[in-house]
Amino acid sequence: MVKEGDSVKAGTPLFHDKKHENVLYTSPVSGEIVEIKRGEKRKLLEIKVLADKVVEHESFGKYSVSDIANLSVDKLKQQILNSGLWPWLVQRPFGVVADPSATPKAIHISTFDTAPLAPDYSILFKGQDQYFQVGVDILKRFTSGAIHVNVHNSSEIPTTFSQAKGVELNKFSGQHPASCVGVQIHHIDPINKGDVVWTISPLGVIQIGKLFLTGVYDASRLVAVAGSEVKKPQYYKTYTGASVKRFIDNNLNNDHVRVISGNPLTGVAIGKEGHVGFYDHQISVLPEGDYYEFLGWIAPGKNKLSLQRAIGLFSFLSPNKERVIDTNTHGEPRAFVQSGVFEQVTPMDILPTHLLKSILAEDIDEMEALGIYEVIEEDLALCEFVDVSKHKVQQIVREGIDLVQNS
Amino acid sequence: MKFLRNQLDKVKHNFEKGQKWEKYYYAYEAIDTFLYAPNTTNDIKGAQIRDAIDLKRLMMTVIIAMVPCLLFGIWNVGHQHFLAIGQASATFGDKILVGAIQVIPIVIISYGVGLGIEFVFATLRRHPVNEGYLVTGMLIPLVMPPDIPLWQVAVATAFAVIIGKEAFGGTGMNVVNIALTARAFLYFAYPTDISGTVWTYIGDAQTVAGYSGATPLSLAADAATTGENVVASFNSFGAGWNEGVFTLQNLFLGLRPGSIGETSTLMCLIGALILIGSGSGSWKIIVSVFGGAYAMGLFLNLVGGNAFVEMPAHYHLVIGGLAFGAVFMATDPVTATQTETGKWIYGFLIGLFTVLIRVFNPAYPEGIMLAILLMNVFAPLIDYFVVSANKKRRLQRATV
Chain W
279 MVKEGDSVKA GTPLFHDKKH ENVLYTSPVS GEIVEIKRGE KRKLLEIKVL
329 ADKVVEHESF GKYSVSDIAN LSVDKLKQQI LNSGLWPWLV QRPFGVVADP
379 SATPKAIHIS TFDTAPLAPD YSILFKGQDQ YFQVGVDILK RFTSGAIHVN
429 VHNSSEIPTT FSQAKGVELN KFSGQHPASC VGVQIHHIDP INKGDVVWTI
479 SPLGVIQIGK LFLTGVYDAS RLVAVAGSEV KKPQYYKTYT GASVKRFIDN
529 NLNNDHVRVI SGNPLTGVAI GKEGHVGFYD HQISVLPEGD YYEFLGWIAP
579 GKNKLSLQRA IGLFSFLSPN KERVIDTNTH GEPRAFVQSG VFEQVTPMDI
629 LPTHLLKSIL AEDIDEMEAL GIYEVIEEDL ALCEFVDVSK HKVQQIVREG
679 IDLVQNS
Chain D
9 MKFLRNQLDK VKHNFEKGQK WEKYYYAYEA IDTFLYAPNT TNDIKGAQIR
59 DAIDLKRLMM TVIIAMVPCL LFGIWNVGHQ HFLAIGQASA TFGDKILVGA
109 IQVIPIVIIS YGVGLGIEFV FATLRRHPVN EGYLVTGMLI PLVMPPDIPL
159 WQVAVATAFA VIIGKEAFGG TGMNVVNIAL TARAFLYFAY PTDISGTVWT
209 YIGDAQTVAG YSGATPLSLA ADAATTGENV VASFNSFGAG WNEGVFTLQN
259 LFLGLRPGSI GETSTLMCLI GALILIGSGS GSWKIIVSVF GGAYAMGLFL
309 NLVGGNAFVE MPAHYHLVIG GLAFGAVFMA TDPVTATQTE TGKWIYGFLI
359 GLFTVLIRVF NPAYPEGIML AILLMNVFAP LIDYFVVSAN KKRRLQRATV
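In order, the protein sequences belong to chains W and D.
In terms of my numbering, the first sequence is residues 279 to 685.
In terms of my numbering, the second sequence is residues 9 to 408.
The shape of chain W in the complex, shown without the other chains (with noise of 0.2 Å):
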């Protein structure tokens, strides 16, 4: 929708979704647009805007509380597509966009991140409580059931979600994965063949009350820049889709590093010129691990990390020890080993064995009876992280869903 050489505001609409022609991908800042990358088939890769030190905002309609009550679903779902808030909304099962069309049976936000390297939402969300909540009573006009909003136990709960009206408040407590939204719902209100669920942010319920509160697309966003080749880990105000150059030079231990948007389960890795990812909150940075190690499958240590006790791993004495993880992977693949592990960090009533092998043999009927419309990566990643055979258990969850959702 724009070319080389235009310039835009922030939420000038940049490209829109191809399946639903109104969802619209809008730029965060207002600049320059200096390039457009695309892939094979001319897939579209990156739209690069050259900020203005000021931005300026597209304006939409700004109302008040009470104007808010008043507004049709139409048009609030019309104002949120129109700013490119929209894809903040992300569909269970699949794990995809959601499609503007459809009316959830509910709306799940997870208000905590038991990630490794997570940042604390208490800091990245202080001080939004009034537009957490005009978000959150905008969605819950979505949906027919209720709006979900879960909670860690063991941490002071924030007040932006302690005290917010109208919703549902589920508490939850344990480590990771508990703070997958997908784990959380299978506890709550499991997804059936046929149900539609959406999960959003809390960033997202945030810019989504403030769009309508201000009238303006507001892309900033506290990242948290962390991981053990970083010299001084720290919060940072930022935009949407920034690139992640600024925070990391000079701030690295070393040069032999891997970037990565998101955390160290489920990002991707962008490389140092990188940009922060949508739906990512944090940017880590981990020592490239591309070395031999003499005998390395035997080798004992006392840093190498692993939840199992085998000959030589002795993590398990100092479970609260800071340890460095580097991006080796450990081992080579090998064959299926059920040793029972994936059972172990995958507390829901599914057989990830199981799923993972109707996935492999393509068995679509199988796959939906075991499951895989309440999963999607990152409910699945710590089986990655643990998996003695070293399978790409994330990818094979996505060709799954992808083998389902095109069936």
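Just so you know, nobody snuck in bad clues.
Only pairs whose alpha carbons sit at most 35 Å apart, straight line, appear in this in silico DSBU-like list of lysine-lysine:
1. D:K53 with W:K515
2. W:K297 with W:K383
3. W:K510 with D:K53
4. D:K18 with W:K550
5. W:K281 with D:K53
6. W:K670 with D:K20
7. D:K20 with W:K550
8. W:K550 with D:K25
9. D:K28 with W:K670
10. W:K670 with D:K25
11. D:K53 with W:K296
12. W:K296 with W:K635
13. D:K53 with W:K449
14. D:K400 with W:K635
15. W:K471 with D:K399
16. W:K326 with W:K281
17. D:K53 with W:K635
18. D:K53 with W:K418
19. D:K31 with W:K635
20. W:K326 with W:K287
21. W:K550 with W:K331
22. W:K515 with W:K297
23. W:K635 with D:K399
24. W:K515 with W:K321
25. W:K297 with W:K340
26. D:K25 with W:K321
27. W:K599 with D:K53
28. W:K509 with D:K53
29. W:K404 with D:K53
30. W:K355 with W:K383
31. D:K53 with W:K471
32. W:K449 with D:K400
33. W:K287 with W:K443
34. D:K53 with W:K297
35. W:K321 with D:K53
36. W:K670 with D:K18
If we take Cβ atoms under 7 Å as the criterion, some of the chain W residues that face chain D in the derived model are:
37. L543
38. A547
39. Q616
Derived by calculation from the structure, the hints in this document are not laboratory data.
Every residue, glycine too, gets a C-beta built ideally from N, C-alpha and C.
Position chain D relative to chain W; hints supplied.
Below, chain D without anything else, positioned relative to chain W:
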């Protein structure tokens, strides 16, 4: 160490696709990854970090768990040898020496033949050499009688690896436990060589007066016909040359003739601790095998019938190879059930069938081997029901 790596890197390209030794890539890969953990990193998308465990280490842990059984077995082979020839005063060193001379060649043959076949198939079939054989290669010697001819070990190993595993598609695809296939092969192919006095290594020496090579299982099976109290005949066995060889304590410690690694319940339990502590073996299976055998033993005690049936249930846990089978054979992740609920059922039935076969089928004195093989075959069926239950729960939820 740099030198070795450089040498490997120098020849590596010859094995890659389109190069002259392409065929032997997986043989090369096996050696390379044995020497060096590979330098591969995780994909751009997906998990960027991985658990430090790999299959080699997992298998090595299982081997470590078997070491107590192996060491004790070596000593016990010597110990039983000297008892049988009337030299009970032989030194510890002598016993170890005699045992080692007898046992080590069996281990070497088992690994040599098995790994050889594994490399050949990996090359022909273009699949990686699987580490599973590291464990199988140790299991086979441990379930062999000490006096077994080496050529029989070689034949049994070859049979087990080719027919038991490769015919089904290699490691991970086999239906029945490979080491037990080897043992069962010998049992049915050379029945005369794997019964009678084979459980003690005698060699060229003369046995002491009054010597008998009977095992607790054969004594108990005899008792079923003679009607003699089993415990009494255990306690009086060995009078004159090895008094008290079959007392409960001895049976538990393993100071008795039998297969090389199976005699000592204590050593098996140490192995079980290693397996369970490291998470490499399923405690559910181990516990439920013992539980199943004990429950069946108790039940038979209540019913009564003959002297074997009335043998106290706990004796079932220390005679024969039940403990070894429960800890090292039943827990084989490939042939056991794949579901957690299934593991309870699977183990329990193994224990139950072991005792049933022992007591009611005098033709096969050792029940654990057949019980495990039988349940290996039924494991997929158990899983089928567990998985169906899972699917049904999901389906019911949908219709509610």
